[in-house]
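Chemist: Spelled out, the chains give:
2 protein chains.
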Amino acid sequence: MMRIAFQGEIGAYSEEALAALYPGAEKVPFPSFEAAFDAVVRSDVDRAVLPIENSLFGSVHQNYDLLLEHDLKILAEVQLRIRHQLLAVAGASLGDIRTVTSHPQAIGQCRSFLKKHLPDAHIVPAYDTAGAAKMIAEAGDVSSAAIASRAAASEYHLQTLAEDIESNHANYTRFLALGRPDANANEGLAQSSLPASSHDPTFKTSLLYAQKENVPGGLFKSLAVFALRDIDLFKIESRPLVGSPGQYVFYLDLKGHLDEEPIRHALRHLEEVAANVKVLGSFLQGQTVE
Amino acid sequence: MMRIAFQGEIGAYSEEALAALYPGAEKVPFPSFEAAFDAVVRSDVDRAVLPIENSLFGSVHQNYDLLLEHDLKILAEVQLRIRHQLLAVAGASLGDIRTVTSHPQAIGQCRSFLKKHLPDAHIVPAYDTAGAAKMIAEAGDVSSAAIASRAAASEYHLQTLAEDIESNHANYTRFLALGRPDANANEGLAQSSLPASSHDPTFKTSLLYAQKENVPGGLFKSLAVFALRDIDLFKIESRPLVGSPGQYVFYLDLKGHLDEEPIRHALRHLEEVAANVKVLGSFLQGQTVE
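First to last, the sequence lines map onto chains A and B. The first sequence begins at 21 in the working numbering and counts up one residue at a time. The second sequence begins at 21 in the working numbering and counts up one residue at a time.
It should be emphasised that the hints constitute simulated quantities derived from the structure, not laboratory data. Mixed in with the good hints there might be a few duds.
Where chains are identical, the list cannot tell them apart; a pair therefore holds if satisfied intra-copy or between any two copies.
Claimed, not checked - The list that follows gives simulated cross-link-like pairs (lysine-lysine, BS3-like), each with its CA atoms no further than 27 Å apart:
| id | residue 1 | residue 2 |
| --- | --- | --- |
| 1 | 224 | 275 |
| 2 | 136 | 224 |
| 3 | 255 | 298 |
| 4 | 135 | 47 |
| 5 | 298 | 224 |
This structure is a prediction, so every number in the text was calculated from the model and none was measured.
Taking the hints into account, I'd like the entire structure generated from these sequences.
Modeler: In structure tokens form, the structure reads like this:
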């Protein structure tokens, strides 16, 4: 059985992403992204499933930094809709609730619901949504509710008092599955994440690079590398290098696989106009889990 | 006296940014970014100072969305280093501390310090850093500390037990000053944020646009508009439009002012190859407050 790292507690949203990519695998929680990366490098686990970008909050720069520092490759991706549930112990009803606990970000995303349905509830911040769910399950008090995932409801045997209470339903997080460079990308992956032999799968290749000094219009030239070969881009993001004014690092996701000749030519061309090109992997465009 | 909106409590990092841009102005706290935008639109306040991007956590997409929905313009920017302080009431010392409270993100950023100096402290999450500081000031207990800003220390008359305890010192947040379209951009602005007559100031122009359907290589063409006119870019970021697979919105910061002829030509050219171009304003490149 494969062992897969994720960040957070059992019942965290990351665990839902992990289950979508690697059904049946052993889920191994870690307190930080860095600890999850290190566990893969040390072969304590086979893979890590970590967030890389959220539709409301943007790229998880910390994980891009860790990808730059560690020699891991991207094997797969999945996009998960973040649905917040109002959870309580069996026997509770919405009218009973006097206290609501969750991570401040989750509470913020459910402010309209709370204002309308629980205007007088006492709001107690927590470290993470799953921890909040665990806490109310252990306390067993019918007047307390937590805002957390469906996975937390199932893990801690809580009932759902209200479903999908987030104000903005367009809240999606993209997660990556990371492995060591010699990993077999398809091993253990969910059937839905594998290419169907019957049609043409879409591959993504993800890379990082920096501006080369003394190359005027460097960003434009680096994109020309792909445009000249009709290679489509899924993502482009610049990030200022702190401490180096005017210097940037770029995140790029392009359409195609490293094995394809135009992509190989484009990457060779990119080396001419950009610095520190690091290819993070080629993988199948992921499913969206609603 | 000008009245300036910010999000959070008195003592929040946003208040430090506000003070750097508008010294002497009245600071008006709001519970959400949206409430701060609305207050400017309704003329309840003169300006809002809000975060737009952090060096570790990326763009604040919610404020880009609000800029798209509201008819406000960017008047100025400032980049603030986020320095976390360990604060306690007078008479406390590091050896006394049994409980540390702060926002989970701030606690996470100070994990190494806490592990080394306060390994046995009980960690209590809070909504925001300034609220945590206020709470320990009110409680007056020498065994409790909060992680918060220097502004919070001064506001709540707390002593600093340890300075700059964040693990990653490269933590900067860029804030924008927003006003109504008819605002006088220089009014009330700190002297350091105004152009020195003696040298050539650097202007930034910030804009949003979407891909035009049926324009192949639309992103590349939209950047060519600037490259062909030797206009430098400070920032480029693509963000997938949720619900419209393959459609993106772009955030762009370029070097130059809307009044300059090449910029005006470039924007006219951009309208040909991109959709929904929205110029957010031209403003002086901001100072960094260390």
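Chemist: Compare the structure with each hint and give your call.
Modeler: Evaluated hints:
1. 224 with 275: Classified as within; 5 Å inside a copy, 32 Å across copies.
2. 136 with 224: neither (43 Å within a copy, 42 Å between copies)
3. 255 with 298: Classified as both: same-chain Cα gap 16 Å, cross-chain 20 Å, threshold 27 Å.
4. 135 with 47: Classified as between; 26 Å across copies, 36 Å inside a copy.
5. 298 with 224: within (15 Å within a copy, 30 Å between copies)
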